[in-house]
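Chains as they are written, first to last, in this note's numbering: chain A, 103 to 182; chain B, 264 to 518.
Keep in mind that the hints were calculated from the coordinates and are not lab data. Every residue gets a Cβ at the ideal spot worked out from N, C-alpha and C, and that includes glycine.
Here are some of the chain B residues that sit facing chain A, going by a computed Cβ distance under 8 Å:
1. 392
2. 403
3. 412
4. 454
Quick list of in silico lysine-lysine cross-link-like pairs, BS3-like style, CA-CA up to 25 Å:
5. 302(B) / 361(B)
6. 131(A) / 472(B)
7. 168(A) / 277(B)
8. 500(B) / 131(A)
Which stretches of chain A does chain B cover? Using the computed rule of at least three CB atoms under 8 Å from a CB of chain B, they are:
9. 106-115
10. 123-131
11. 134-140
12. 147-160
13. 168-179
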Amino acid sequence: MPRSVAPWETERKLIMKAEDKTDPRYGHKPEERATEEYIRYGVINLDKPAGPTSHEVAAWVKRILKLEHVGHGGTLEANK
Amino acid sequence: MTGVLPITLEESRKIVQALLHSGKEYICVMKLHGEVAEKHVKTVLKEFEDIIYQRPPVRASVKRQLRTRRIYYLDFLEIDRRNVLFRVGCEGGTYIRKLCYDVGEVLGCGAHMQELRRTRGGPFVEGGDIVTLHDVAYWFMEWQQQKDESILRKFIQPMENALALVPKIYIRDSAVDAVCHGASLTAPGVLSLETGINRGLMAAIFTLKAEAVALARPVVSTKDIMDMEHGVVAETKRVLMPRGTYPKCWKSGEI
Chain A
103 MPRSVAPWET ERKLIMKAED KTDPRYGHKP EERATEEYIR YGVINLDKPA GPTSHEVAAW
163 VKRILKLEHV GHGGTLEANK
Chain B
264 MTGVLPITLE ESRKIVQALL HSGKEYICVM KLHGEVAEKH VKTVLKEFED IIYQRPPVRA
324 SVKRQLRTRR IYYLDFLEID RRNVLFRVGC EGGTYIRKLC YDVGEVLGCG AHMQELRRTR
384 GGPFVEGGDI VTLHDVAYWF MEWQQQKDES ILRKFIQPME NALALVPKIY IRDSAVDAVC
444 HGASLTAPGV LSLETGINRG LMAAIFTLKA EAVALARPVV STKDIMDMEH GVVAETKRVL
504 MPRGTYPKCW KSGEI
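Build out the structure end to end from the sequences listed, making use of the hints.
And the structure:
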């Protein structure tokens with residue numbers, strides 16, 4: 103039986119439909135956001151330590167970075 | 264349990280649903296409750312590839328009804344007496360503790376999950392840009408003292424990276440603000456798009472500057488969108504960009 107394809111093994115191609123330019127006066131590339139904005143629209147690929155819950159880890163990051171809303175994507179069990 | 268736990272800061276919490284539904288990969292140590300031949304273990308693990316049925320465990324945050332989950336791959340790595348090491352790639356919401364229990368039932372001897380490490384959560388993987396809590400605390404302090412932005416970029420990445428595996432639709436500047444106000448995306452606004460867009464599956468709307476505008480639910484496929492000249496291609500589900508970032512180019516209905 104062939105192995106199913108994981109989302110990260112799926113190849114995507116970009117297809118052009120129409121052409122246009124983007125005006126440099128509005129918005130900016132994600133890497134060029136000003137510091138505060140860069141943080142507010144940021145994510146961290148964190149290596150969760152053993153022990154605390156995912157929720158506790160998010161709360162720690164919130165305290166370290168002095169932010170108001172910090173969440174996590176996908177609970178990892180606490181114990182071990 | 265340790266490993267990849269994507270953390271969303273402030274506004275980026277809006278992309279959490281994209282991460283929750285994304286696939287995961289784990290390395291797991293399963294403890295067998297009896298002696299089993301290696302060959303038998305390998306055979307049984309393979310049987311759990313593809314679609315499995317799972318009832319969420321008693322201590323779960325979701326309704327405990329039987330549901331299906333896709334196991335993309337389940338690779339046997341090593342066996343040492345009663346300890347079995349395997350790697351599993353699976354759909355979000357798969358309970359590995361449950362998977363170990365069920366493998367144990369099929370083996371006949373019983374088994375439980377001994378140790379688990381998540382090696383992937385959506386586009387985020389172990390290695391490369393993964394950071395520890397200590398790194399976060401240290402670099403944040405360094406950044407506060409030195410005010411050097413490159414330090415911040417060592418551990419914080421743009422939320423767009425979290426959407427790397429979601430198929431994207433790139434739109435005109437003139438279509439951006441309407442989407443930011445919650446409007447559906449229509450065909451004339453589309454400049455380019457990725458393959459794999461399908462009705463009902465999640466897609467992400469991006470600007471030509473590669474900024475995320477919104478998460479959307481396409482109502483047609485990539486191929487359909489290519490052939491469309493007008494009409495709705497995707498419904499806006501979660502707006503990520505603040506209104507007014509791009510100029511308003513749409514007419515209000517009150518004429």
